[in-house]
Amino acid sequence: MTDSAAKLDLEDELLTMGRWDASEATVSDDGLVRYISLENILAPRSKGRHVEKQFYKADVPIVERLLNRLYVAGHRGQKHYITSGINTGDSEKLWNVIEDAFEMIEEETGENPIQVLVDAIENSSPTEEVVTYQRGGARARKAVLVSPQRRVDLA
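Numbering (this note's numbering), first residue to last: -16 to 138.
In short, the hints are calculated from the structure, not lab data. Treat the hints loosely; a few may be bogus.
[Claimed, not checked] DEER-style ranges, computed between Cβ atoms:
{"no.": "1", "residue 1": "K76", "residue 2": "S107", "range": "34 to 44 Å"}
{"no.": "2", "residue 1": "V114", "residue 2": "E35", "range": "22 to 32 Å"}
{"no.": "3", "residue 1": "V127", "residue 2": "V55", "range": "32 to 42 Å"}
{"no.": "4", "residue 1": "Q117", "residue 2": "E75", "range": "42 to 52 Å"}
{"no.": "5", "residue 1": "R124", "residue 2": "A26", "range": "39 to 49 Å"}
{"no.": "6", "residue 1": "K76", "residue 2": "R124", "range": "32 to 42 Å"}
{"no.": "7", "residue 1": "Q37", "residue 2": "D4", "range": "27 to 37 Å"}
{"no.": "8", "residue 1": "S11", "residue 2": "A123", "range": "14 to 24 Å"}
{"no.": "9", "residue 1": "E7", "residue 2": "G119", "range": "16 to 26 Å"}
C-beta: ideal position from N, C-alpha, C; glycine also.
With the hints as extra help, turn the sequences into a complete structure.
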């Protein structure tokens, strides 16, 4: 092996997608600090290691959680037109979509796109939900607070 071979020096920093530093981003909402992981990753897949324990998905980097949410197929109205599997399994394709979106955000705003993602999660996460419960034959609705983990999941 020659000296010109590609080596990773200890001084080299691991950046998300090789370009952006997630550790520069800050979470201003105190309730979400524990649930938004700002770690830098190169490979986007943790292969479901977070499913064994209840709150382990809080340790999954936020960019990977965005990727995982893009896998979820949806539907239009009552018809399941886009349900089973247009995007499922295409992690490289979806990772490139996220990278292109981050590039556009960086060009237009000049900010760290991971910080823009964190700000969007903070601004769009709901703090209250309405729960329906039944007492006898009557149904009633009640406003409840949303847990921080669910706030990040819904945003």
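Hints, verified against the model:
Under the hint 34 to 44 Å, the C-beta atoms of K76 and S107, about 25 Å apart, miss the expected range. A beta carbon spacing of about 28 Å between V114 and E35 agrees with the range 22 to 32 Å that was offered as a hint. At roughly 24 Å, the beta-carbon separation of V127 and V55 lies outside the given 32 to 42 Å, and the hint is violated. Separation of Q117 from E75 is about 47 Å and conforms to the stated range, judged on CB atoms against 42 to 52 Å.
Separation of R124 from A26 is about 44 Å and conforms to the stated range, judged on CB atoms against 39 to 49 Å. Range check, K76 to R124: Cβ separation about 41 Å, and the 32 to 42 Å hint holds. Judged by the Cβ atoms, the range 27 to 37 Å given for Q37 and D4 holds: they are separated by roughly 30 Å. Between S11 and A123 the beta carbon distance is about 36 Å. The supplied range of 14 to 24 Å is therefore violated.
The beta-carbon spacing between E7 and G119, approximately 55 Å, falls outside the hinted interval of 16 to 26 Å.
Checked against the numbered hints given earlier, this structure breaks hints 1, 3, 8, 9; the rest are met.
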